[in-house]
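Asker: These are the residues of each chain, in order.
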Amino acid sequence: MEKWFRPIVRLALPVAVAMAVCGSMSHDATAAAIGRVESGAPVVADSTSRGFDWEKWLRVLLLRDYNTRVVIAGATLLGGAAGIVGSFTLLRKRALMGDALSHATLPGIAIAFIVANALGHARSLPVLLIGATLSGLLGVAAILLIRNLTRLKEDTALGAVLSVFFGAGLALMGVVQQMKGGHAAGLESFIYGKTASMGISDAVLIASAGFACILVCVLMYREFKLLCFDTEFAGSEGYPVWILDLLLMGLVVTVCMVGLQAVGLILVIALLVIPAAAARFWTENLRAMIVISALLGGASGATGAAASALFARLPSGAVIVLACAACFVISLFFGTSRGLVARWWRARRLNRSVAEQHLLRAMYEILETRLGWPALADQDNAEELAETVSVAALRDKRSWSATALKREIRRAERAGWIRETGDHVQFLQRGLEESASLTRLHRLWELYLITHADVAPAHVDREADAIEHLLAPEVVSELEALLERQFPQFPASPHALAGSTAARTDFRGVES
Amino acid sequence: MARYLVVAQWSWELDGWIVAAGILCAVASSLLGNFLVLRRMSMLGDAISHAVLPGLAAAFLVTASRATAPMFVGAVVVGVLTAFFSEWIRRVGRVDEGASMGVVFTSLFALGLVMIVRAADHVPDLDPGCVLYGAIELTPFDLVTVGEFEVPRAVLTLGVVAVINLAFVVLCFKELKISSFDPALSTASGFDSRLMHYSLMVLVAVTAVASFESVGNILVVAMFVVPPAAAWLFTERLAPMVALSSLFAAMSAVGGHLAAINVPGWFGFQSTTTASMMAVIAGGLLLIAILFAPRQGIVGKFFRQRWLAFGILADDVIALLYRWREKGATQVGNFANLKRTLFSGWFSLGATMAWLWLRGKIRSEGDAWRLTPQGVASAANLVRSHRLWEQYLVTRAGYESDRIHDKAERFEHFTDPSLRERLDQVTDAPSIDPHGAPIPEEGGGQ
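Heads up: the protein sequence lines correspond to chains H and B, in order. Read left to right, the first sequence gives residues 1 to 512 (the working numbering). Read left to right, the second sequence gives residues 1 to 446 (the working numbering).
Keep in mind that the hints were calculated from the coordinates and are not lab data. In this text, a Cβ means the ideal position worked out from N, Cα and C, and glycines have one as well. A hint or two may mislead.
[As the list claims (entries may be wrong)] Pairs of lysine-lysine residues, derived as DSS-like cross-links and limited to a Cα-Cα distance of at most 27 Å, are as follows:
#1 H:Lys225 <-> H:Lys93
#2 B:Lys407 <-> H:Lys153
#3 H:Lys93 <-> B:Lys177
[Claimed, not checked] Ranges of calculated distance between the beta carbons of each label pair, as one might list FRET restraints:
#4 H:Val204 <-> B:Phe303: 49 to 57 Å
#5 B:Arg237 <-> H:Leu149: 52 to 60 Å
#6 H:Leu215 <-> B:Phe343: 42 to 50 Å
#7 H:Leu219 <-> B:Ala309: 39 to 47 Å
#8 B:Ala309 <-> H:Arg151: 21 to 29 Å
#9 H:Val115 <-> B:Ala309: 38 to 46 Å
#10 H:Gly238 <-> B:Thr372: 26 to 34 Å
#11 H:Leu149 <-> B:Ser401: 54 to 62 Å
#12 B:Trp88 <-> H:Ser236: 31 to 39 Å
#13 H:Asp65 <-> B:Ala184: 55 to 63 Å
#14 H:Leu219 <-> B:Ala184: 39 to 47 Å
Pulled out of the complex, with its shape left as it was, chain H reads as follows (with noise of 0.2 Å):
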């Protein structure tokens, strides 16, 4: 199987719920507001009746009617594609562009309004859809001129774009309302979309954009990624940087121009920040997020379309929002790369082991300063040391709360690595095993900073106690090559161990 596919595998029940989630949050939400339900629970009624209605929801969902199929698959296309090419602006840290870009295009649609009255053919969308399109590559292009050319910084550069020709644009519009024909209402859902009336022509439209971002997108993937994460590099290997960054700047315009109608100048921005940032939150590898992304976007843009579909009153551009937003949510919390839970629940795991070498090796050094070194190390194969260390001993020897220690102790005996009698603990086994080779790890280490690093024998005990614990195999393998002809198999401490009086100096090893 692709490395890849394992996310996708893994994101799939995740997806299922978060769209059972946002149906249902759709539906509870319509109920409260119309207030059809007075007690919270579902109500069923019969299909005559203004509540659950069964015949509707099998029309919708099994896309009996020819224009939900439309719809919906043209949201779902959408979605899809935003998500790719978000997935690339995201990693280029570009993800406001489609913002700065959907208001720059306001400044080319009026003026295209403008040029179209004056040839006599009011409101042709081709010719508005040209014009935006210049006013937004003409956007994009005075951002990557500003970065480029002054000091000022991207978002610096993307505010005052986005301001400055929105402002512009305002302004045209206040000229244009002026004109004969030019009261804006077709101008006005270039803002806030229209998806319930999405003709087929849109839906097409919307099919063969999508489908060229990906195309494009496909056939760039090395160029494109190159360009996200290794600017410098992709320059150096002899890459056009600047041409690569204009076109996927071109594919968010495309997708802007395309979404503007289906979703609204606003919530476009939507479709191609949120899959892709929620997207990132399941996995560090590229492909995969990209497959996420896209998969994303496209059930948040089914998620949406049906739900407006289903009740009448939704505004499907907001829900299909609605969607990303749950997703991005579920995936910033249960994401099982980069998400919260994730992220804690490794945290703890590893805080939980820190803990416990910690137990086990302040054991074996107290009792190896009680008893003398190296006679600890020969009695491995005791079944059971009859040594006992006392819990007040173990207090003083790290800085540990009572309360501390005491869940220590138990997690380890739980483990099965000691044995706990009274306020005294005692090694089993496999305990004095495991912490015999803790310590040796950490001696090693510090016999290493102080051979080879010129750390003083006074500083090495903390700097080991940060290092100890994720030390890998190999690394340990190639400490022991490296000191064993110095040094015995079981070092003795470098340095005073904390505790005890006497300072152990006998590592003459270290000199000759």
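Please build the complex by placing chain B on the supplied structure of chain H, with the hints as guidance.
Answerer: For chain B alone, kept in the frame of chain H given last:
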């Protein structure tokens, strides 16, 4: 609608108040905008302007009226939440700043849209476009009485906001400065940089919402970014930047209103929207700053570069003529040979030669150019610098003698007599360079 008022001539009662509201809004926003630009949060104004929608809708659904106060509160709360959520998602989710902002404001906007469409079931005249967005042209018609004066409400609101922002920026200037440039240092020196961050966010939300309500959203979104960006190109220091950005903001407010009245008239239309023209004028100021700012301006940078290239070419010409003279007449010092040897364009070389001729460093002899005594002196110093550097690089810096020419070629243009003196001393006053060529005396004595 009053938006299409014909303002045939300036009247202080109308235009005066409009411009006053514009200036107050612009200055209040750009004061805070400086710190947004420095913290790379320039898109926050835009994000808040979209995100307040659910706050407005919630206030409307709760109070069932279009009263201003609850809507204001609702919008401010959601505006602050936008900033908080963006920051939280950025920090906790390790998402890029722009992306986290994009996620938050689009989601909130969509939520608001759904809420408003729902609310519109109750109130037919509620539509997403005009819930709270005021128009600056309406400013003079909504008066409140303060003492014995009648003041437009928008001017009063924005005046209060501007004073608060000014006080905040002046009183917390040092804290804002440190926490903008080095949050860790500010926390280490005893005040929480996060507190400054969130105070700033709250004020940004208040300013944004107060402006939406009184003068519309485009003005404040533009003024958060554009004047500070322009000011930053003019100065390197924070205090002048804040002052300059306020000046630019006020200029674009005045200019914007004048342009809104006059520019459409040139094409036979009546006036257009003032707030958007203010944004356009601010954009014009930014363009001027980008092109002509003294140190950062593109034009200035371009001409400084050209001037430097010109000076270096002039140096190269006389040094080349000197070397040819030194070797005897193997090459004729005519224009074609110089051009070929220096890989130079005919225009720049021609201009350089003309300049050298005017300065009396070269003269024409038959079909060749020769150095005048004055030219010999300058060229000798250049060649001396070159060869001393070569000597220095080999004897002192341990370079191979075949890799020193390019470095010396670069250094020779920036070496003054005192540096030559030092080079001479540390290389023990050599008479030949590593390649065996003689090092001329200072001032060209042979």
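Asker: Please go over all the hints and tell whether each is borne out by the structure.
Answerer: Hint-by-hint comparison with the structure:
no.: 1; hint: H:Lys225 <-> H:Lys93; result: holds, 13 Å
no.: 2; hint: B:Lys407 <-> H:Lys153; result: violated, 34 Å
no.: 3; hint: H:Lys93 <-> B:Lys177; result: holds, 26 Å
no.: 4; hint: H:Val204 <-> B:Phe303: 49 to 57 Å; result: holds, 53 Å
no.: 5; hint: B:Arg237 <-> H:Leu149: 52 to 60 Å; result: violated, 22 Å
no.: 6; hint: H:Leu215 <-> B:Phe343: 42 to 50 Å; result: holds, 44 Å
no.: 7; hint: H:Leu219 <-> B:Ala309: 39 to 47 Å; result: holds, 41 Å
no.: 8; hint: B:Ala309 <-> H:Arg151: 21 to 29 Å; result: holds, 22 Å
no.: 9; hint: H:Val115 <-> B:Ala309: 38 to 46 Å; result: holds, 43 Å
no.: 10; hint: H:Gly238 <-> B:Thr372: 26 to 34 Å; result: violated, 48 Å
no.: 11; hint: H:Leu149 <-> B:Ser401: 54 to 62 Å; result: violated, 41 Å
no.: 12; hint: B:Trp88 <-> H:Ser236: 31 to 39 Å; result: holds, 38 Å
no.: 13; hint: H:Asp65 <-> B:Ala184: 55 to 63 Å; result: holds, 59 Å
no.: 14; hint: H:Leu219 <-> B:Ala184: 39 to 47 Å; result: holds, 45 Å
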